[in-house]
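Engineer: If you want the building blocks of each chain, they are given just below.
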Amino acid sequence: MEAPSTQSPYLVVIVNKENPVKTLPVAEVRRIFMKQSRMWSNAEPMVPVDWDSTAAIRDVFSRQVLNRSVREMAEYWVQQSMTQGLSPPSTQRSARAVLRFVASVPGAISYVSPGDVDETVAVIKITGLK
Amino acid sequence: MTRIFFLVPVMALAAGVGPAWAQGNEMATLRAEIAKQEVVISQLLRRIEALEKQQPPSTTAAVQDLQGDIKAQEDSINSLREVVNSKVSLNGYYNFRFSADGSEEPAAFQQHHLGVIMAKQLGKFNFLMELELQNVPHHPEIAPEGGEEGEGEAGHEDTDLSGEGQVAVENAWMEYNHNGYVGLRVGKQLSPQYWWQNHYPNLTLSTTIPIYLRELFPAELVGVMFQGNAARPVGNSELGFGYKFYVANNNFEGNSQSDLSDAKSWGARGQVRFPASGAVRRIDVAADIYRGKVGLTDNTLAEDNVFGFESQIEISSFLFQTEWARGKSLEQTRTGFYLQPAWRIDEDWITFYRAEQLESPRIQRAERRHIVGLNYRPYPQIALKGELYRSQPLERDFLHSEEGGAEAKPFNGFATAAVFFF
Chain A
1 MEAPSTQSPY LVVIVNKENP VKTLPVAEVR RIFMKQSRMW SNAEPMVPVD
51 WDSTAAIRDV FSRQVLNRSV REMAEYWVQQ SMTQGLSPPS TQRSARAVLR
101 FVASVPGAIS YVSPGDVDET VAVIKITGLK
Chain B
131 MTRIFFLVPV MALAAGVGPA WAQGNEMATL RAEIAKQEVV ISQLLRRIEA
181 LEKQQPPSTT AAVQDLQGDI KAQEDSINSL REVVNSKVSL NGYYNFRFSA
231 DGSEEPAAFQ QHHLGVIMAK QLGKFNFLME LELQNVPHHP EIAPEGGEEG
281 EGEAGHEDTD LSGEGQVAVE NAWMEYNHNG YVGLRVGKQL SPQYWWQNHY
331 PNLTLSTTIP IYLRELFPAE LVGVMFQGNA ARPVGNSELG FGYKFYVANN
381 NFEGNSQSDL SDAKSWGARG QVRFPASGAV RRIDVAADIY RGKVGLTDNT
431 LAEDNVFGFE SQIEISSFLF QTEWARGKSL EQTRTGFYLQ PAWRIDEDWI
481 TFYRAEQLES PRIQRAERRH IVGLNYRPYP QIALKGELYR SQPLERDFLH
531 SEEGGAEAKP FNGFATAAVF FF
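Line order of the protein sequences matches chains A and B. Numbered according to the working numbering, the first sequence spans residues 1 to 130. Numbered according to the working numbering, the second sequence spans residues 131 to 552.
Careful: at least some of the hints might be erroneous.
[Stated by the list, open to error] Rough simulated footprint, nothing fancy, chain A against chain B, three-plus residues with beta-carbon under 8 Å:
1) 196 to 208
2) 515 to 526
[Claimed, not checked] One-sided and incomplete, this derived list gives chain A residues near chain B with beta-carbon spacing under 7 Å:
3) Lys35
4) Arg63
5) Gln80
6) Met82
7) Pro88
8) Gln92
9) Phe101
[Said to hold, decoys possible] No more than 30 Å apart at the CA atoms, straight line, and that leaves these computed lysine-lysine pairs for DSSO-like:
10) Lys318/B / Lys201/B
11) Lys217/B / Lys35/A
12) Lys17/A / Lys254/B
13) Lys201/B / Lys17/A
14) Lys17/A / Lys166/B
Hints listed in this document are in silico derivations from the structure and should not be mistaken for laboratory results. Ideal placement from N, C-alpha and C gives every residue a C-beta, glycine not left out.
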């Protein structure tokens, strides 16, 4: 039986360097980006940061991690806005902007292409990713 | 102008707008962080101005990069501000409907629902308020003289012949989420069953609620609800459990500020989310119970016990939803259910079929209804719906009691609606 991989070749999940978390199950990443989990273990509020809806990497992340298309996630946020008062994560348009945001906000979590990672953020391993 | 926009939140924070309970050290740290980032933004803006003065084509990409940087900085400041101050989100929905059928009700355009939802999050606290205008009230200048007390025909709760409409606070609650396992919500809130929670016109495929819905579980409750959930990763999915337990005023008109008994109603809900992978995207099942009293016309209360089951299953582009409930009050048993398979043809089109049934001695109604419909959703916020339905009266002994009304006949109908979420 093949063990589940820990990283996608198309993207890596990044957090602020102050975040002590090193590994997350893919189901927990899904919960964070769907705002069903709210606080890190160090009591920082979780701040998921998404990409602009037209970005190719957003489509990959939505399908691989969230198990939904970008359009289906938009519908999910309409539902959450009406029933829970929740807003979707803020979005950025470039890897540079995503990195800058995650480096600036202690509870931030986002994703970029592996080649875009720099030393200002920390990469976490995702378990259970297909 | 842009600079002013950036400076306003910083100045607001510096003026001490933050909540009183926030710890001083944390506030000071956040303010220092915001001030630091504001300096970074100023530097970026100066670089953009310098690059724009030079104007060679090769700087276009650099300017775009810097503009992206500024947005990231601005968003990160807003994010930090939310930790301190949060913000109010304002949403709403609009639903315009037309229906025509073979029943005694005339065909009509209906300015059906107009709702405004305000919400705010502050740390572990949430607040949500929903103001709903049903059958939107007429402007006083064109309302009938002298006013009318009637609210339409009995049994047609969606019809309002008075022109007065109804303005209702459907939700007004605040909640505290200690962690994922334990939370407390107080105030006026929708019952926890799936359809009540998701009855908004953007979220449903049909233009109408199932015929049994108002006859079983109460639509709303005014009280306190404990809730929580837990999940265990299974492969790339999870096995999840959720619970809700609530104590509320009994079910009668005007229960938002008084009750007719010291004994409160209570209810509970347990939900399981099974692991889903591949084409199976969702398997949720839940069970609900309600024990309380319902108000009678003479302002007395009668025991009312209801229980029900529900499931939502999503496999590839197929969705299946069902709910069933049974209630007992004054020695009379009432039941109802719906089954709704749906197929997502593509991103914009969804077709569905719904079979539903209600048997209720207390309102002398036994009916089965079939609905076939199509939704066009060009955007997640917009739904254009069309549907055909057939109503079939059922033969039941309780319909032949002395109070029995005129004999019901089968009829066919058509309804369409336009919905906008904003």
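Engineer: Taking 7 Å as the limit, does the beta-carbon of methionine 82/A come near enough to a beta-carbon in chain B?
Structural biologist: holds (5 Å)
Engineer: Let's test the interface hint: is any C-beta of chain B closer than 7 Å to that of arginine 63/A?
Structural biologist: This interface hint is violated because 11 Å lies over the 7 Å limit.
Engineer: Could you grab the alpha-carbon distance between lysine 17/A and lysine 254/B and see if it respects the 30 Å cut-off?
Structural biologist: holds (24 Å)
Engineer: Holds or violated: lysine 35/A as interface residue toward chain B, Cβ cutoff 7 Å?
Structural biologist: violated (9 Å)
Engineer: Check whether three or more residues of the region 196 to 208 of chain B sit with their beta carbon closer than 8 Å to a beta carbon of chain A.
Structural biologist: holds (count 8)
Engineer: Would the hint linking lysine 217/B and lysine 35/A be met if the CA-CA limit is 30 Å?
Structural biologist: Within the cut-off at roughly 16 Å; holds.
Engineer: Given phenylalanine 101/A as an interface hint, is the shortest Cβ-Cβ distance to chain B below 7 Å?
Structural biologist: holds (4 Å)
Engineer: With a cut-off of 30 Å on the C-alpha distance, tell me whether lysine 17/A and lysine 166/B pass.
Structural biologist: holds (18 Å)
Engineer: Are there at least three residues in the region 515 to 526 of chain B whose beta carbon sits under 8 Å from a beta carbon of chain A?
Structural biologist: Since 0 is below three, the answer is violated.
Engineer: When you check the alpha-carbon spacing of lysine 201/B and lysine 17/A, does it fall within 30 Å?
Structural biologist: Holds - the C-alpha atoms of lysine 17/A and lysine 201/B are around 21 Å apart, at most 30 Å.
Engineer: Holds or violated: lysine 318/B with lysine 201/B, Cα cutoff 30 Å?
Structural biologist: violated (39 Å)
Engineer: Report holds or violated for the interface hint on glutamine 92/A, using the least CB-CB distance to chain B and a cut-off of 7 Å.
Structural biologist: holds (6 Å)
When held up to the earlier numbered hints, the structure conflicts with 2, 3, 4, 5, 7, 10 and fits the remainder.
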